[in-house]
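A.B. asks: Take a look at the letters that make up each chain.
Number of protein chains: 2
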Amino acid sequence: MTMTDTLETIHDLVQRSDLTTLAKFAAEAPRPQISELLDRLPPVDAAVVFRLLPKDTSIDVFERLEPAAQADLVTELAEAEVVGVFEALDPDDVVGLLDELPAKVTKRLLQTLSPRQRTATAPILGYPQGSIGRKMSPEYLIARPDELVQTVLARTQRDEAQYETIYTIPVVDHSRTLVGILSLRELMRAEGTDLVGSVMNTPVSAAAYDSDEDAARRCLDGGLLALPVVDREDRLVGLLTIDDAIRIIRAAEDEDQARAGGTEPLRRTYLLTPVRQIARARAPWLLVLAVSAILTVQVLELYEATLAEVIALALFIPLLTGTGGNAGAQAATTLTRALAMNELGTRDIGRVALKEVRTGFTLGLVLGSLGFVIASLVYELPIGLVIGLTLLAVCTMAATVGGLMPIIAKACRVDPAVFSTPFISTFCDATGLIIYFTIARAILGI
Amino acid sequence: MTMTDTLETIHDLVQRSDLTTLAKFAAEAPRPQISELLDRLPPVDAAVVFRLLPKDTSIDVFERLEPAAQADLVTELAEAEVVGVFEALDPDDVVGLLDELPAKVTKRLLQTLSPRQRTATAPILGYPQGSIGRKMSPEYLIARPDELVQTVLARTQRDEAQYETIYTIPVVDHSRTLVGILSLRELMRAEGTDLVGSVMNTPVSAAAYDSDEDAARRCLDGGLLALPVVDREDRLVGLLTIDDAIRIIRAAEDEDQARAGGTEPLRRTYLLTPVRQIARARAPWLLVLAVSAILTVQVLELYEATLAEVIALALFIPLLTGTGGNAGAQAATTLTRALAMNELGTRDIGRVALKEVRTGFTLGLVLGSLGFVIASLVYELPIGLVIGLTLLAVCTMAATVGGLMPIIAKACRVDPAVFSTPFISTFCDATGLIIYFTIARAILGI
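Protein sequences appear in the order of chains R and C.
The opening position of the first sequence corresponds to residue 1 in the numbering used here, with each subsequent residue numbered one higher.
The opening position of the second sequence corresponds to residue 1001 in the numbering used here, with each subsequent residue numbered one higher.
One chain only, chain R, in its complex shape (with noise of 0.2 Å):
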């Protein structure tokens, strides 16, 4: 193929956005080829070409560059046209196909944008949604181990205009790896003839691929004014500064907790959201719920003959059902938290199952003796006992279920928080119908 029928190739594949077979021709192609395809090609086809490469690569051909074809390469990348072929890719497909950009143009690219514009080019860093790579800042300072203390004292106080924060300052070396970190206050407890690197801390930092909910709750958790954020090869990308960690993990919260009570998040504050609106959020998982709760019916169906024979039985469901939706709630309640807090992971689905049987045990003990003792002496002995050992059975799964549910969810990476509250409850409804009447034939002999 001569090169006059390579660039052609090219353009057509990225007319047509097809990344797969771009990628692998980008893959294989050696690295002289490539860089002289991307002095030759339009500037929008050089710059998802050079997208494309593995990170290898690109650190390479990034490097042999002159500084203007850098310059421009990076002001190509964050064009409207060029972000637009990767915005349509499908998120699974974003992971494949593109992988890290060189901690570099990463910089350079986050820098020549701003906030607004930053956010529209996420796409094309290849950090898929959610993650912290999306929400770094690429403003922060930078020191290096063989400064003195005095020397990044004044460029701080020089350049501060310029920095999101000085008062977290991340230590690299030459390659731009994360080495250490120091806080403003330790740098000015320090001697001005101090070397940067004899006073700096092991960094702690946080991987642009992770969670950002993860990222922002271990700034939190470390009393950390910032925590920088660093690529694959420990390279440093970005810095997530405490007021945006609050920030995600307050939406994370208003999601949980919002789900947690049937319903999505509101956008704006309440008084300000149109009821048209609230009702939208809270309609799907209500009907959800009422087309579930339909299994409710169909259970109660199976055993109508022994409701028309002891009508009874059909005064306790509400108090039968509702106790085990609320013990499962509970349960839910605990282990979502205890998920979102990061206390335990997918691994102790064991412990929390014997923790659970145990608890739902002890309380259906408790529940199960008042209740078989009440209905005894108002209703009768039977009567008594089909409540009591239903109070106790229902107790117990309904605590095993709702405990187990939310580790669940997030091993089928689904939000913990969308099976709790209502779902439980109306899960626990029809198990704990079937549990009733089951009892009940037994004992009453129907």
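Don't read these hints as lab results, they were simulated from the structure.
Please note that a few of the clues may not be correct.
Taking beta-carbon pairs under 10 Å as the criterion, some of the chain C residues facing chain R (in silico) [said to hold, decoys possible]:
1) V1061
2) A1078
3) W1285
4) L1287
5) R1358
Everything numeric in this text was worked out from a predicted model, so none of it was measured.
Ideal Cβ positions, reconstructed from N, Cα and C, are used throughout, including at glycine.
Starting from the known structure of chain R, fit chain C onto it as the hints suggest.
C.D. replies: Only chain C this time, still in chain R's reference frame:
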């Protein structure tokens, strides 16, 4: 009454912890007599009398003391015996009997104590449980408006080890009144020869009596690294740092989330909490809810005859109560969160009621139509009509009750989260059943 008699009477009142009488005496005695008494009374009695003085008097009396006597008094105030006298007080009496300490005394008192002692001494300050006055740090840097920027910078660098934070510097005048605030960054940006007063900003602050949660939220919402805390005369008494604010909000949210799920928050992480303790956190709520659910049994008893006649009505009980519970939980979740975020207050109760009636009605229309169609097709038209109308009524009722409960709870000074999800479910269950059978009797003509 001779001086000796007075001394004896006071000693007797302190021994009997009759602080009401003592406070009345302290409020009425002329200032010179008080000064003389403080000189002559045994240290414990003197400290108790001093603490019971109205603020104006205590400022005046304290200023007249010799520096050595001031120091003795401050030390004595922190002694276990003196703290013990006030610790026994009913929280309501604390507010009535203990005026604020002069800001100067508060500062000196807090500074003589370790953080652990500080918590133990909290009652003496008179700031109620849950107020930010009990959580603020007394270790903060200050500047005066007539100081040079370079003087403050030099002092910051020299004394930084003493303070919890050096990134936020409150500015106070000669009477300790908060007049401005400066960040270290702004201080570094200013010319060394500028006056602090010419570069400082208008301060955002919290009052020491404010709830710790409100103060913490103001700190986080404002994107502040620290929030000054002032007394009633706007005199600086403490500083709330962002990491303490985060800790306060996290504890409050742990509690809110736990209560929304009908359980008390665990004091340790889930995996480290023994089963007995988890069960104990859940049992009270589960019992309260189960006992209130007995209401549903009683409601159903009223309609036992109706049930016996049309047994099909029993089939829909869990579906209808479940949907009502879910609709109520949705509204309660949204409103509890909105209250916690200070988006609205008790004065908005009318607007919330109107909004929830309309939202509930909208949701009821959607679910009711669906229920009508399905139930009419599967069973018969009258049953479909009963189910459809009940869903409409139950959704409207539940959303309204669920939305108003948290606001009513707040108006009664009860944690809104207490009246949330499971409580509302139980309430809506009983009400929903009454609605259901009323509609059924009317339509089916039973």
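A.B. asks: Output the indices of the hints that this structure fails to meet, ascending.
C.D. replies: 1, 2
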